[in-house]
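Residue numbers (this note's numbering), protein chains in the order written: chain A, 34 to 405; chain B, 4 to 192; chain C, 59 to 322.
Mixed in with the good hints there might be a few duds.
Claimed, not checked - Within a straight-line C-alpha distance of at most 30 Å, the following computed DSS-like cross-link-like pairs (lysine-lysine) qualify:
#1 A:Lys-138 <-> A:Lys-70
#2 A:Lys-302 <-> A:Lys-383
#3 A:Lys-83 <-> A:Lys-70
#4 B:Lys-191 <-> A:Lys-302
#5 A:Lys-83 <-> C:Lys-118
#6 A:Lys-383 <-> B:Lys-130
#7 C:Lys-116 <-> A:Lys-84
#8 A:Lys-159 <-> C:Lys-118
#9 C:Lys-112 <-> A:Lys-257
#10 C:Lys-116 <-> A:Lys-138
#11 A:Lys-138 <-> C:Lys-70
#12 A:Lys-138 <-> C:Lys-112
#13 A:Lys-148 <-> C:Lys-112
#14 A:Lys-302 <-> B:Lys-174
To be verified - Which chain A residues face chain C? A few, computed with CB under 7 Å, are given here:
#15 Pro-117
#16 Leu-166
#17 Leu-181
#18 Val-183
#19 Pro-208
Since the hints were made in silico from the structure, they are not lab data. Glycine included, each C-beta is placed from N, C-alpha and C at the ideal position.
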Amino acid sequence: MGSFKEIVNTISNPTILFTSVVIIFPFVFPPSDWFEKWHRKLGLHHLWSKKAIIIAMIGMIAFFIYGLGDYNFQKIVLKPDNVPISGLIFLVVFFTWLSMYQAYKNDERLEAGQKPDEFYEAPNDKVLVWPDLVYVELISLIIMSAFLLVWSIGLPAPIEEPANPTESPNPAKAPWYFLGLQEMLVYFDPWMAGVVLPSLIIVGLMAMPFIDRNPENSGFYSFKRRRLAISLFMFGWLVLWVMLIIVGTVLRGPNWNFFGPFEYWDIHKLEALTNINLSEIVYIKWLNTGLPESILIREIWGILIIMGYFLILPPLLAKTALKDMYGRLGVVRYSVFIVLIITALTLPIKMYLRWIINLKYIISIPEYFFNF
Amino acid sequence: MPDGKSTVSKPPVPKSPAALGKTTKDSEDINRRSFFSWLSFGWIGFVAATGGFFTMMLRFFFPNVLFEPVQTFLAGYPDDYIIGEVDTKWKDKYGVWIIRNDQGIYALSTVCTHLGCTPNWLASAKKFKCPCHGSGFKSTGINFEGPAPRPLERYRIVLADDGQIIVDKTKKFQQEKGQWEDPEALLKV
Amino acid sequence: MSEEKQKSLLEKAAESQIWKSIFRGGGVPRNRRQRMMSVLNSVFLHLHPVRLPKHAVKLKFTWCMGGLSFFIFLILTISGILLMFYYRPTIEYAYTDIIDLAEQVPFGIMRELHRWGAHAMVITVWLHMFRVFMTGSYKPPREFNWAVGVILLLLTLLLSFTGYLLPWDQLAIWAITVGSNMARATPFLGSEGPGASLLAIGDINFITMGSDARFALIGGRFMGEAALLRFYVLHCIGLPFIIMIFMAVHFWRVRKDGGISTPV
Ligand code: HEM
Ligand code: FES
Chain A
34 MGSFKEIVNT
44 ISNPTILFTS
54 VVIIFPFVFP
64 PSDWFEKWHR
74 KLGLHHLWSK
84 KAIIIAMIGM
94 IAFFIYGLGD
104 YNFQKIVLKP
114 DNVPISGLIF
124 LVVFFTWLSM
134 YQAYKNDERL
144 EAGQKPDEFY
154 EAPNDKVLVW
164 PDLVYVELIS
174 LIIMSAFLLV
184 WSIGLPAPIE
194 EPANPTESPN
204 PAKAPWYFLG
214 LQEMLVYFDP
224 WMAGVVLPSL
234 IIVGLMAMPF
244 IDRNPENSGF
254 YSFKRRRLAI
264 SLFMFGWLVL
274 WVMLIIVGTV
284 LRGPNWNFFG
294 PFEYWDIHKL
304 EALTNINLSE
314 IVYIKWLNTG
324 LPESILIREI
334 WGILIIMGYF
344 LILPPLLAKT
354 ALKDMYGRLG
364 VVRYSVFIVL
374 IITALTLPIK
384 MYLRWIINLK
394 YIISIPEYFF
404 NF
Chain B
4 MPDGKSTVSK
14 PPVPKSPAAL
24 GKTTKDSEDI
34 NRRSFFSWLS
44 FGWIGFVAAT
54 GGFFTMMLRF
64 FFPNVLFEPV
74 QTFLAGYPDD
84 YIIGEVDTKW
94 KDKYGVWIIR
104 NDQGIYALST
114 VCTHLGCTPN
124 WLASAKKFKC
134 PCHGSGFKST
144 GINFEGPAPR
154 PLERYRIVLA
164 DDGQIIVDKT
174 KKFQQEKGQW
184 EDPEALLKV
Chain C
59 MSEEKQKSLL
69 EKAAESQIWK
79 SIFRGGGVPR
89 NRRQRMMSVL
99 NSVFLHLHPV
109 RLPKHAVKLK
119 FTWCMGGLSF
129 FIFLILTISG
139 ILLMFYYRPT
149 IEYAYTDIID
159 LAEQVPFGIM
169 RELHRWGAHA
179 MVITVWLHMF
189 RVFMTGSYKP
199 PREFNWAVGV
209 ILLLLTLLLS
219 FTGYLLPWDQ
229 LAIWAITVGS
239 NMARATPFLG
249 SEGPGASLLA
259 IGDINFITMG
269 SDARFALIGG
279 RFMGEAALLR
289 FYVLHCIGLP
299 FIIMIFMAVH
309 FWRVRKDGGI
319 STPV
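Turn these sequences into a full structure, and let the hints steer you where they fit.
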């Protein structure tokens with residue numbers, strides 16, 4: 034069984050984990066016909082059946098029970114402030130399944146020319162709030178209260194040593210719901226990871242109803258007719274948010290190094306963190322001239338790349354790959370959409386640049402606190 | 004709101020026949036127009052006053068006097084420090100490392116330039132290592148690994164009249180701005 | 059006579075003057091009319107319409123996540139008020155008051171209830187947003203309410219974040235140190251943000267450690283007494299006040315936008 038732990042440790046290495054998730058993802062939530070075809074061929078649509086969720090739940094419970102036998106795993110998972118994350122994992126899996134299960138059932142009904150399950154014929158199909166809704170609510174409240182009481186009695190809230198402004202704990206972590214953001218800090222400077230990207234998440238969410246203009250399919254679960262919207266949202270929510278939180282909580286140990294879930298948190302684990310800037314690659318590695326004095330000349334390559342990415346790529350895409358979408362959305366909506374998307378994409382791009390060529394910044398002007 | 008708009012730009016035509024006389028209509032028009040321009044003055048004034056008020060309210064969050072611990076301290080005599088060593092005795096109280104090398108003595112801030120954790124001096128590896136996200140700094144303060152974007156800051160360090168070292172944390176020197184060349188960033192002894 | 063006898067105790071009580079004075083419309087909600095009246099006449103139940111499409115009351119459709127978020131918010135308000143009876147927001151007392159809350163105060167799980175409730179609310183709000191997305195309920199005419207929801211999400215996270223500092227232990231101050239230092243990196247408004255050094259006349263910078271976004275947040279140049287007080291006020295008064303306003307708008311709009319969304 035030791036080798037099983039090793040396998041888990043190995044695949045939870047972010048390079049492998051992230052790459053495989055990115056590859057598998059579009060087959061699970063197919064955004065286009067081609068993926069949809071393979072989705073069916075590979076039998077992945079069975080994921081949204083009752084059998085699958087039972088197997089998944091049993092599998093996850095078994096993994097947790099097995100893991101709890103391991104000292105290192107236990108220490109991370111049972112840390113009081115981490116307990117909600119275990120809950121989050123189960124809940125996210127369950128509710129993702131529940132929505133997709135209903136969505137697929139409705140898709141079938143629609144294909145067969147029927148109305149979705151939620152369809153009702155006014156006014157015959159209306160029910161009274163008292164008692165039909167009031168009781169559902171009452172029962173939910175009672176269950177939630179009982180659940181919170183048991184949780185509170187069973188698990189004392191953590192309190193650590195009194196604050197000491199000169200001694201940082203190792204590792205020092207934000208509350209778990211911000212660990213996705215903290216994970217971005219590894220790849221971006223604080224002004225991006227802490228200010229710009231979170232603001233864009235908020236703006237992006239608010240902009241969503243104005244960009245997704247597909248008027249169909251509101252008020253019931255469905256997938257097929259909104260597959261692009263759903264698969265984009267799912268990627269943001271499941272991969273860039275929930276998964277990064279889990280990575281930040283479970284897999285980041287002392288000195289913010291990576292540790293597998295069954296790996297001992299060794300403070301002295303050494304990891305080369307020597308990263309270099311694009312300017313250094315160009316002038317020192319390739320041209321062998323040493324960094325130029327002038328900031329502008331030093332950073333011109335990075336500036337050109339970023340300008341190209343944000344100013345030339347969107348119109349280029351509008352003319353080529355995203356022509357249809359551009360036509361449908363119009364200039365304003367398309368611009369907002371594409372800027373949000375390609376900004377979000379800078380995260381995976383920087384991740385890979387970091388992993389492959391140890392790149393630190395594309396543009397680095399510490400003189401003006403501008404690093405990208 | 005198409006209706007609301009049309010009433011503003013085109014005043015409704017009065018219905019009674021008496022009011023249809025040209026003169027009355029014109030004068031009424033002018034009156035209304037001048038009334039609107041006065042109103043817009045009023046609105047501009049109102050918006051400006053409200054804006055000013057909220058700006059002042061923003062100022063409310065920046066008090067004129069701060070009750071923070073004293074930012075200068077006496078750090079003993081230059082001879083207390085050994086050449087080539089990092090002295091950590093002021094770290095807990097003042098958040099400063101004092102380091103002496105061949106050129107002189109400098110006071111290094113213990114605030115990581117990434118997000119403000121306190122790095123530890125690892126004497127064996129001869130580096131400052133930040134526990135939060137793993138930045139590493141040489142004993143000069145220069146960053147060489149991890150996410151920190153720039154070197155640690157140095158504080159003003161001078162000699163008092165009686166020969167003691169004064170460290171003044173209100174004045175910082177940043178390497179990337181070339182401020183370490185400042186005579187007060189390095190105490191020559 | 060025999061009809062009189064069949065009346066239950068509850069029904070008799072419902073005929074008393076006291077009952078009638080409290081519950082307008084009166085009567086135990088047994089028949090259709092009484093049930094409708096009981097919803098219409100109650101300020102609380104009136105959040106709901108009287109009748110709903112049948113899928114809207116099903117757990118498998120809404121997961122009751124919005125309702126549970128609101129319910130947990132109420133639990134947090136009550137337990138939070140109780141905690142305020144003991145907690146003093148100063149560096150000297152904050153930490154020991156927290157310890158005392160568990161050890162010296164009877165029913166010492168109030169802190170647990172508050173802390174785990176906060177975690178639970180973050181999760182329920184996320185899941186609520188997820189279900190609203192999956193049912194496509196953000197589409198017209200509900201765009202505005204979706205935006206209000208996003209603000210509620212932001213406020214929920216900010217409430218958790220500000221509360222995290224209050225125990226004044228190692229966990230608290232370092233999480234907030236790292237978090238508030240991000241404010242220092244705000245473009246233009248943070249002393250170490252890109253562009254801040256452009257806002258200067260000659261040698262005089264406008265945005266310094268003593269005048270930037272981080273300063274406004276923690277009330278000082280260093281994490282200390284002022285930061286604790288500011289976070290305390292935001293956590294206990296400021297943010298709850300704002301979130302309640304947005305919640306009121308949110309609930310109002312759920313009804314005004316036609317109730318729980320339905321297929322056309
Ligand atoms: C403090 C947090 C929140 C509370 C207490 C809350 C409460 C509720 C409640 C009680 C409902 C009725 C239906 C249901 O339970 O699903 C509802 C509906 C709705 N919520 Fe929220 N909500 C919150 C946050 C959010 C967020 C974060 C979003 C989205 C970003 C959102 C968007 C909506 C929309 C669009 C509806 C209408 C859904 C429909 O018509 O089917 N809300 N909310
Ligand atoms: S705070 Fe030092 S590395 Fe992040």
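Going through the hints against the structure:
1. A:Lys-138 <-> A:Lys-70: holds (18 Å)
2. A:Lys-302 <-> A:Lys-383: Holds: Lys-302 (chain A) and Lys-383 (chain A) sit about 24 Å apart, inside 30 Å.
3. A:Lys-83 <-> A:Lys-70: holds (22 Å)
4. B:Lys-191 <-> A:Lys-302: Judged against 30 Å, a Cα distance of about 38 Å means the pair is violated.
5. A:Lys-83 <-> C:Lys-118: holds (14 Å)
6. A:Lys-383 <-> B:Lys-130: Satisfied, since the Cα-Cα distance of roughly 27 Å is no more than 30 Å.
7. C:Lys-116 <-> A:Lys-84: OK: Lys-116 (chain C) and Lys-84 (chain A) at ~22 Å, within 30 Å.
8. A:Lys-159 <-> C:Lys-118: holds (17 Å)
9. C:Lys-112 <-> A:Lys-257: Satisfied, since the Cα-Cα distance of roughly 24 Å is no more than 30 Å.
10. C:Lys-116 <-> A:Lys-138: holds (16 Å)
11. A:Lys-138 <-> C:Lys-70: Since the Cα atoms of Lys-138 (chain A) and Lys-70 (chain C) sit roughly 49 Å apart, the hinted pair is violated (cutoff 30 Å).
12. A:Lys-138 <-> C:Lys-112: holds (18 Å)
13. A:Lys-148 <-> C:Lys-112: Holds - the C-alpha atoms of Lys-112 (chain C) and Lys-148 (chain A) are around 15 Å apart, at most 30 Å.
14. A:Lys-302 <-> B:Lys-174: violated (37 Å)
15. Pro-117: Given a least distance of 4 Å, the restraint on Pro-117 (chain A) holds.
16. Leu-166: holds (4 Å)
17. Leu-181: holds (6 Å)
18. Val-183: Constraint on Val-183 (chain A) not satisfied, violated at 10 Å.
19. Pro-208: Given a least distance of 5 Å, the restraint on Pro-208 (chain A) holds.
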